[in-house]
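Protein chains: 2
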Amino acid sequence: MFNPKFIFTAMLAASMSTAATAETVETERHTVSITTLADGFTHPWGMAFLPNGNMLVTERSGNLYWLSEDGSKRKKISDVPEVVAQGQGGLLDVVVDPNYSENGWVYISYSEAAAEGKGNSTAVMRAKISDNSFTDKEVIFRQAPKYESTAHFGSRLAFSPEGHLYITLGDRYSRMEDAQTLDNHHGKIVRIWPDGSIPKDNPFVGNDQALDEIWSYGHRNVQGADIHPDTGELWSVEHGPQGGDEVNIPKAGKNYGWPEVTYGVDYGGAIISDVAVKEGTEQPFYYWVPSIATAGATFYTGDAFPEWKGDFFVAALKSSLVARLDLYEGRMMHEERLFEDAIDARIRDINQGPDGYLYLLTDQPNGAVIQIKPTD
Amino acid sequence: MFNPKFIFTAMLAASMSTAATAETVETERHTVSITTLADGFTHPWGMAFLPNGNMLVTERSGNLYWLSEDGSKRKKISDVPEVVAQGQGGLLDVVVDPNYSENGWVYISYSEAAAEGKGNSTAVMRAKISDNSFTDKEVIFRQAPKYESTAHFGSRLAFSPEGHLYITLGDRYSRMEDAQTLDNHHGKIVRIWPDGSIPKDNPFVGNDQALDEIWSYGHRNVQGADIHPDTGELWSVEHGPQGGDEVNIPKAGKNYGWPEVTYGVDYGGAIISDVAVKEGTEQPFYYWVPSIATAGATFYTGDAFPEWKGDFFVAALKSSLVARLDLYEGRMMHEERLFEDAIDARIRDINQGPDGYLYLLTDQPNGAVIQIKPTD
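Going down the list, the sequences are from chains R and S. What the first sequence shows, in our numbering, is residues 3 to 378, in sequence order. What the second sequence shows, in our numbering, is residues 3 to 378, in sequence order.
Take these hints with a grain of salt, some might be off.
Since the list gives no way to pick one copy over another, a pair counts as held whenever it fits inside one copy or between any two copies.
When the alpha-carbon atoms are kept at most 27 Å apart in a straight line, the in silico BS3-like pairs for lysine-lysine are as follows [unchecked claim]:
#: 1; residue 1: Lys280; residue 2: Lys375
#: 2; residue 1: Lys375; residue 2: Lys202
#: 3; residue 1: Lys139; residue 2: Lys256
#: 4; residue 1: Lys280; residue 2: Lys311
#: 5; residue 1: Lys77; residue 2: Lys130
#: 6; residue 1: Lys77; residue 2: Lys375
Hint data in this document are derived by calculation from the structure and do not stem from the laboratory.
Isolated chain R (complex conformation) (with noise of 0.2 Å):
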């Protein structure tokens, strides 16, 4: 997988450049530009800014890279753990801490081999960065139990007003039943503290037959995930089965029903519930059918589109398109369906920068970072 055209050293990224060509798009509120402004990422995952303006960028094969704020310059991070990168396995979001500037925290998710035998899970890092290197390590988090399996990572990270650290997860996949047990993290929300102890308000504290860390259940692939920036509440993004894609407002011990309840059927068309609506889980605030293959999501909360403010983005793989869900006291009033037309690639992470404008990760061989701009 070496491929010297991706390594960077800072001297030499200094004298990279981008050519980033700008597309005009019209959408619904907004005439907007879409520039590439870095790419040659292998299958980039999860992107995070830091309040400078300059990014953390994650491939899913392992590396993580310190991206500069214009695309130009860009540095490989050495000493990031080790990670399982197979399927949908790998280094996958990176965020960092709220209050960065004072303890340089940097978070990571990635699927981590067991110790022993076989098996994996997504586990959480943080650390700090230093001399471009990965420095004072801590896994914070891994999903329990170890299991075989490719598929069903997750995830996401995304820190409460409070400063909880919300884990987004997967369900393994074949091990979707799990989803609605307590004594396992598959197909769960956990809420931690960013230094991996538990917050004694977590729903589950004090009941022996589930875990501590579990913030809901009955999820089934969960890669998507912000805090709406009124109510300090996480809002969800999981991938259904065919059909079933969701939007969730995962509250403390609730069950959100997958694999006993779902608009969606199997890839091939099997039934896997015809149930949808039961009592003890939790509907969907928004659903897809069919699935549009949801990942990354963000509220957009800046002033570069006035006329997007407050609303819930969610960045999709399939059809290559940004769901826009124009969101109005708490209420979906609209879908809008951008760049399905001008961007040709999985998207699989979108964010706001510091400076107000949008920013996607297409997964492709040749990924790259697109910024969204007004040009209205």
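Starting from the known structure of chain R, arrange chain S on it as the hints suggest.
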């Protein structure tokens, strides 16, 4: 316009049989059959079920028909009022009184010419049907002012649980600004008692500057209406301009924004308003961009389609579809577009029959009553 093919008497009708060929369509939650119950209607516009399952069907050209439950027999009702059958005008909606079995009242909306001079507007008449003839005719509402236009008459009729009659109207197109002033009925939804008298608690009663019939304003062309089965509230559906068809839940005295606030642009792309949200105006419950050309609408409350119970169905002229809005606890979770491939016709109205099946009306030169039944 005389076409002997469409003239029926009770005797002739008995020998008439409609070739009913059913097509089976899989939808997300139900597999259904689509059967043409009766055709040969010229641009049918509205339909209503009598308590015994027989139907009344309007033709925009000015004819009203009684149709037997199985579609095999029809009779033309004589002595219906003269209508202005031009452009979008003509004989429009029909409903029967909630106490029809006791009082026999039938209500029609239609485009009525000015008594003197030019101009027309939507009027509502109630009458009884005796010996296939309209009798005891009373005009209970006249949209004011009369205006010379062939466009945007509305209209649908819907009874509240308390027995009010809601009449949904249009802005008469070139009089769109009237939708924002209260001294006229253009772009309004009005609420009256079935005898034409005005409910004392109508929102503008006692306001000298406003017409007492007005319930809500700022509407464009409202051709869909039904009462929410749980809340008893009116839900209305209006044609937006190019982009911006809306579902609203019109509240007493509220302003729904047209033409100051819209998600659409005028046909040809001209900006009507680039304001979508404005203080003092209400946001829609849901909206379509691009437009689907929304017409009739109904809540589904029957038992024949358990998975559709509580959902809101909207007929659309463009794309020949029915939009199913999957509602849960008052929230909009998902839109499914039904019959796009199976039906090639403008769908003007949708109703639930006493049998719990859904019935569509296709607004075509050879228009039909179509029955939707479950096969699963």
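For each hint, the structure was consulted:
1. Lys280 <-> Lys375: Cα proximity of Lys280 and Lys375: across copies only (25 Å, versus 43 Å in one copy).
2. Lys375 <-> Lys202: neither (42 Å within a copy, 53 Å between copies)
3. Lys139 <-> Lys256: neither (32 Å within a copy, 58 Å between copies)
4. Lys280 <-> Lys311: between (34 Å within a copy, 14 Å between copies)
5. Lys77 <-> Lys130: Only inside one copy: Lys77 and Lys130 sit 15 Å apart there, 83 Å across copies, limit 27 Å.
6. Lys77 <-> Lys375: within (25 Å within a copy, 62 Å between copies)
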